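Protein chains: 2
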Amino acid sequence: MNNHEETFFFDTHAYAGGEEGEIFKKTLAQSENMLVGLNCLLPGQMQAVHVHVGEDKFYLVMEGRGYFQVGDVFRNAGAGTLVWAPASLPHSVVNNGPDLLVLLVVIAPSPGY
Amino acid sequence: MNNHEETFFFDTHAYAGGEEGEIFKKTLAQSENMLVGLNCLLPGQMQAVHVHVGEDKFYLVMEGRGYFQVGDVFRNAGAGTLVWAPASLPHSVVNNGPDLLVLLVVIAPSPGY
Numbered sequence: 160m161n162n163h164e165e166t167f168f169f170d171t172h173a174y175a176g177g178e179e180g181e182i183f184k185k186t187l188a189q190s191e192n193m194l195v196g197l198n199c200l201l202p203g204q205m206q207a208v209h210v211h212v213g214e215d216k217f218y219l220v221m222e223g224r225g226y227f228q229v230g231d232v233f234r235n236a237g238a239g240t241l242v243w244a245p246a247s248l249p250h251s252v253v254n255n256g257p258d259l260l261v262l263l264v265v266i267a268p269s270p271g272y
Numbered sequence: 160m161n162n163h164e165e166t167f168f169f170d171t172h173a174y175a176g177g178e179e180g181e182i183f184k185k186t187l188a189q190s191e192n193m194l195v196g197l198n199c200l201l202p203g204q205m206q207a208v209h210v211h212v213g214e215d216k217f218y219l220v221m222e223g224r225g226y227f228q229v230g231d232v233f234r235n236a237g238a239g240t241l242v243w244a245p246a247s248l249p250h251s252v253v254n255n256g257p258d259l260l261v262l263l264v265v266i267a268p269s270p271g272y
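As they're listed, the protein sequences go chains A and B. With the working numbering applied, the first sequence corresponds to residues 160 to 272, in that order. With the working numbering applied, the second sequence corresponds to residues 160 to 272, in that order.
Treat each hint with caution, since some may be false.
Stated by the list, open to error - DSS-like, lysine-lysine: derived pairs with alpha carbons at most 30 Å apart:
| hint | chain 1 | residue 1 | chain 2 | residue 2 |
| --- | --- | --- | --- | --- |
| 1 | A | K185 | B | K185 |
| 2 | B | K185 | A | K184 |
| 3 | A | K185 | B | K184 |
Claimed, not checked - Quick look at which bits of chain B chain A covers, simulated, 3 or more residues with Cβ under 8 Å:
| hint | segment |
| --- | --- |
| 4 | 190-203 |
| 5 | 217-229 |
| 6 | 235-246 |
| 7 | 261-267 |
These are computed hints drawn from the structure, not numbers from a lab. Fair warning: this is a prediction, and the values are worked out from it, not measured in the lab. We treat Cβ as the ideally placed atom computed from N, Cα and C, and that holds for glycine.
Whenever a hint applies, use it, and build me the whole structure from the sequences.
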């Protein structure tokens, strides 16, 4: 392994975690163009409804399952489901399952960069 | 289900496929800010080394395994590994495993949009 390898390759499983209180967030890669990270929710934790103005976002469910809102659509989703939240559309997620909910989260362009 | 649900929620497993000849590509969501899709490689198929000028990209291995290049780094990667290919850095992938290689591919900003 060299330093570059750690810059380009990320084992997402190794970074997943859960914390009481605020949901667990870990940035994996970031540039002006996009932010790539993990959001992990313990059972019962939620990310309240919010919007990103001018930034498109998606969640990819990696592990567990959650209950998502995008605009006026509400749906349960499990591993392998990609949830697309276009700019300015309200979205939220709650972990309504028994296990840790691990989400890959991508926002483009990168917020606050 | 309503029309909006199909716009916001994508079961990535349902879209994966493999084709002889050119590698299988399926766009899931696209805006000016980013392109989100699947690339699927049959055993032995490859995406030759190339660059995206001004666009950052990543692969996320969803199923199978592959041998990746980013810049001067070459590495095998399996499910759960995220491969970050910053703008203008040469990258490639070959399916060196026995099973279909399913990759989530994200490019930001969106090419040719």
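Outcome of the hint check:
Of the pairs offered as hints, the one joining A:K185 and B:K185 holds, with about 28 Å between alpha carbons and a cut-off of 30 Å not exceeded. Proximity of B:K185 to A:K184 is assessed by CA-CA distance (about 29 Å); at most 30 Å being required, the pair is judged to hold. Between A:K185 and B:K184 the alpha-carbon distance is near 29 Å, which keeps this suggested pair within the 30 Å criterion. Residue count for the segment 190-203 of chain B with a Cβ under 8 Å from a Cβ of chain A: 4. That meets the three needed, and the coverage hint holds.
By the rule of at least three residues with a Cβ nearer than 8 Å to a Cβ of chain A, the coverage given for the segment 217-229 of chain B holds, with 5 such residues. Counting residues of the segment 235-246 of chain B whose beta-carbon sits less than 8 Å from any beta-carbon of chain A gives 9, enough to reach three: the coverage restraint holds. Coverage of the segment 261-267 of chain B by chain A holds. Counting CB-CB distances below 8 Å, 3 residues qualify, and the rule asks for three or more.
Of the numbered hints given earlier, the model fails none.
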